[in-house]
Amino acid sequence: MGIPEGIIGHHFSSLARQNEAMRLGMWLFLATEILLFAGLFTGYAVYRFEFPLAFADGSRHLNLAAGTVNTVVLITSSFTVALAIHFARTDRPRAAAVCLVLTILMALAFLGIKAIEYTEHFHERALPGKFYAFKEVPIPGAAMFYSLYFLMTGLHGLHVVIGMSVLTWILWRTLQGRYSSRYYTGLELGGLYWHLVDLIWIFLYPLLYLI
Amino acid sequence: MRLSEADSHALAGAPAPTYLEDGTTVMSWLNTRDHKRVAVLFLFSVIFFFFIGGVFALLLRFKLLQPGPFFVDAISYNRLFTLHGVVMIFLFLIPAIPSAFGNFVLPLMIGARDVAFPRINLLSWYLYWIGAVIAIWAMVHGGADTGWTFYTPYSSTSPTQVAPILLGAFILGFSSILTGLNFIVTVHTLRAPGLSWMRMPLFVWGLYATSIIQILATPVLGITLLVVTVERIGGFGLFDPARGGDPVLFQHMFWFYSHPAVYIMVLPAMGVISECVCAFSRKNPFGYRAIAFSSIGIAFVGFFTWGHHLFVAGQSTFIGGAFGILSMFVGIFTAIKVFNWVGTLYRGAISFKTPFAYICGFLYFLVFGGMTGIALATTSLDIHWHDTYFIVAHFHFIMVGASVMAFLAGLHYWFPKMFGRTYSEGWGLVAASLIILGFNATFVPQFLLGNFGMPRRYYQYPEHFQALNVASTAGATLLGFGFIIILIYLAIALRYGERSVPNPWGSKGFEWMTASPPPTHNFDEIPTITQMPHDYRTHEPPGVIRVA
Amino acid sequence: MNEFLRRLLFLPDQASTFARDLDQLHFFVIITTFVMSTAVGLTAIVFFVRYRRRSETQTTPHIEVPPWMEALFISVPLSLFVFWFFLGYREFVRQQTPPADSMDVYVMAKKWMWKFAYPDGPNAVNVLRVPAGRNVRLLMTSRDVIHSFYVPEFRVKMDVLPGRYTQAWFNAVSPGRYQILCAEFCGAGHSIMRGEVIALKPQEFEDWLAYQHRGVVATQDGAPTELDFAPPLGNLVDQGRRIAAEQGCLKCHSTDGTRHIGPTWLDLYHRRERLTDGSTVEADEAYLTQSMMDPAFRVVEGFQPVMPSFQGKLAGPEVAALLEYIKSLQSDAVRTGPSEGPAYAPVRGR
Amino acid sequence: MSEESGASGHASATLHPGGEPGKHAHSAIPYVVVWIALLFFTVLTYLTGKQHLGHWALFIALAIACTKSALVALIFMHLKESSGMTRLVFVTSLVFVGLLLFFTVGDVATRFTPATPAGAPFGTERSQPEGLLEHEMPE
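In order, the protein sequences belong to chains A, B, C and D.
Under numbering that gives the first Met the number 0, the first residue of the first sequence is numbered 0, with each subsequent residue one higher.
Under numbering that gives the first Met the number 0, the first residue of the second sequence is numbered 0, with each subsequent residue one higher.
Under numbering that gives the first Met the number 0, the first residue of the third sequence is numbered 0, with each subsequent residue one higher.
Under numbering that gives the first Met the number 0, the first residue of the fourth sequence is numbered 0, with each subsequent residue one higher.
For the record, the hints were derived by calculation from the structure and aren't laboratory data.
Quick reminder that beta carbons are idealized off the backbone N, C-alpha and C, glycines included.
Some hints could be false.
Derived DEER-like restraints, expressed as beta-carbon distance ranges [what the hints assert, rightly or not]:
#1 C/3 to B/466: 14 to 22 Å
#2 D/51 to C/100: 43 to 51 Å
#3 C/305 to B/241: 38 to 46 Å
#4 B/29 to C/44: 45 to 53 Å
#5 A/137 to D/51: 19 to 27 Å
#6 D/42 to B/140: 53 to 61 Å
Can you build the whole structure from these sequences, using the hints too?
Next up, the structure:
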């Protein structure tokens, strides 16, 4: 009937109850992720308050086009993940798999564009902390902006990599026919994680690129 | 589903073996999904680290017998107090009650067969050990000398092994998060039929509130430690004053976790006391709702008060006042609990057993420790007391006086439940009085030292502080003896103790609904709950397994 | 009563204007704490005895707290705590807000010493001289890690942060000596990072200031005052300055970076100097000591070998004091000339 | 928080459509609409961001970002149709982010900030003696 053997734990009374538990667990985990980033956002708020000019200048030297393209890429990948869940839910595993492949490709594209940006910064010596030697923005505080930029995008990039690995694993399970209208919680949880990655970027984009 | 030995026994019609008998190989423990076994693994781990931390403490106290250089050099002394703090907080206090006792009795109390995510539960224990091993590795390779608070810029410039300790604490944070996550989901989805929120045992309320803090606060510590690690290893971070960084920002982020973390240590302790007070006075809780909601209140308001650690740290006067008054409200919730515990005794049937001795200690230490906490939060008094031994004494009153007393109360209360054996009551009372006496002798002089003006983390101190320091060291020795006695008689009881009846205390807490020790799957049939916990209007002789 | 409680609680002397007020609050808080804890404890003990278990089959009635009692449980401690807070916060604001007429002293903390500089010139290491009965504001910053300026007798404590200024103030009520302790952990020397506040009679303080102003170059006239005898801790720099003046070092070596007959002492310590023979040397203790004893052996490029040997003229401790004095002369530390300290008006909040 | 989720098994079935497989047809149209809306808001934030609107810029950017994330959370992440508890978890986490931000920035904004001495190796823009911030940003 589409529910693989051994899906329900012995301690749960029903699959619905177990799904509810897993979903709640995932949301709690996402809450911890949000608070993980909250630390960096706090640092950002404090230093933007202390160094408004340096932040404006530093922001203007980021690659706005690349940032915007990346935003579109991530939003679209979020969309395809939502579609993948939709297709699994309506018993169309092949379409779901295609959507997941698209998502993973977009994740790779995101990382590629980010890598290009990082390379540019490296050549300009617009590096964080003590490595900062960017000639165009010599004012104090700019090093702090770049520290924050690298910490925030770096941690976010790490999450993209993790999300991508999770989605690859889920793609594999989808291809095995694990998910259907009867049971798709695994896919859904992976999707939630990916949406969170998107959610964080939605805030990083205006805060870093559009000051 | 794995067909366990318990199942095969049940099929054969024999009484189900206890969880202790269901597999005796090492792998059956290391690869268990049973919340009770994970709890026992945690229990032995935290006790192990408690003694390690205790040895550090005694070495520190020994050095402080003399005002000048003595016994160890300054750097070793600094490493010792750092390790004492790190071990006691991250490896003992935070996991002690939730991960050991919570894991064991929470599913029993809510009539569940296991926690929601048994594998994650086991993972939490492994993460604990990974974190611990990294921390131990760092200790062996020179340790760190920053204090457990890791204040920057000292921690980003100290030549010692700070990075691995930070990493260890980061991983231990993960372990703590996973336990909290598991508990919240378990409470939401696995309660037995009839167990409404307003019938949940108070210990479960305490653990639920604790879990909220673990979920919301621990990640902030994680990112803070990560940023310091990046600053140390990578040379860039957010706290370097040479590049406009603000060391006070670190303190804000650190205490955003570490103040609520105090409640991670104390809320489960309060839950244990709520259970024990009812069980040993054989009385329903005086104010069930008040105790339950004040746990949630503490979890919530506990987040609004972190700035009272920064009154003299360069924080603004205005925000200091805001944090000061918000801190007063946390005190109220604790006061409500204390009054209700005392109220529970009214017209009860009090039996002065070993756990009850710890309850008395707990009440006294919590009231005194808590009131000095309120005094500290009055802002101006904190100026003189901040970073002196007064603070040291205050938080030891809360952490040792309240949390460790509750840990010991729970250990004695649930010992028959966990291992099906009884311990020597006489030795129990001897150790309890020794510990309560030793504790006072250790930390009351430290309050006075703080008043006198001795800053904390002092290797050498002006000579006029010596008398009080000697008194404190003498008390610590007594305290150490007390703990060793407990270790000995419990170890003996574990092996040679008399078999306990299923409910030796005649308690009507829900965890006693099943056998002691419980079978692997906890209940042959999931019970239906029809009443509040600790309803002593009727009597059933101890030893009868109630199926409610 | 005040004195009795103070001694009972092991509080140090009340040597500043607000120490006494704070202690009153302290006593009030501690006494209410004791009264409340005792009340709770006695109630519990009465219950222990009155309601001890009489039989193993005893049952108990179901009693729930009446709402009015719950309200009492909340309102009584809450009003008490809020009352404490407002008493305390009033005092806190007073402590955090230096009066406008304060005399300013800059404090620079570093591992593990305190440097004090007065806006109009003199500076000192580990010894803070202030006039008694006058408001003194400290503007403090650190060169390395966080320290904390703590004088128990004044009930004053304030963290000293790198990268920004914090302030504290006090008013010493009577002349005397009070220990300064570092209260924020700062490393191996944390517990010996001590200094001393010497509160002087106003006239003595003026004399001391004038003496400092007359400068280090002038020879001493008149009998040495008590002030000249350095306190036991951390006075090497002061001694070194006096020796430098007495021995005439400062006739050739400047301390403010200007070029004179000999190399300036400012920032000399650990400076790499190029020598006349083309090699370089780091001006560490060894080189500095050697230059006092055998000046012509290694001469810095651009200077003439005119310095006399001080072999036999300087005792060992005096050399050490001189070295400490030279070490203390760091341009980013405390200035010798009139200070270009921070403008004290807060940037915002006009 | 007092919902009887633990005691009543049937309640959870309504919490999520996954509990009742295949009962009602699920439509993909909301996802497409949200996707287009997200792209629209991205363009909007890009355009307003390039105007450098001074004090309002941050406010507008954050308002748009909040709208976008609300869309993602409600539709893509199915928060609209989830149980009250998951919503509570999400909202609580945001509240605590706000808490951390509010008090920390509140501290920095109300601190005693003496002007730093000229040539000091530290100090922030706000601590410059001249009213540097009165000027608008360059460009």
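So, going through the hints one by one against the coordinates:
1. C/3 to B/466: 14 to 22 Å: Check passed, 19 Å falls within 14 to 22 Å.
2. D/51 to C/100: 43 to 51 Å: Distance hint for residue 51 of chain D, residue 100 of chain C holds at roughly 46 Å.
3. C/305 to B/241: 38 to 46 Å: holds (40 Å)
4. B/29 to C/44: 45 to 53 Å: Holds, since residue 29 of chain B and residue 44 of chain C (Cβ atoms, about 48 Å apart) stay within the stated range.
5. A/137 to D/51: 19 to 27 Å: holds (21 Å)
6. D/42 to B/140: 53 to 61 Å: holds (54 Å)
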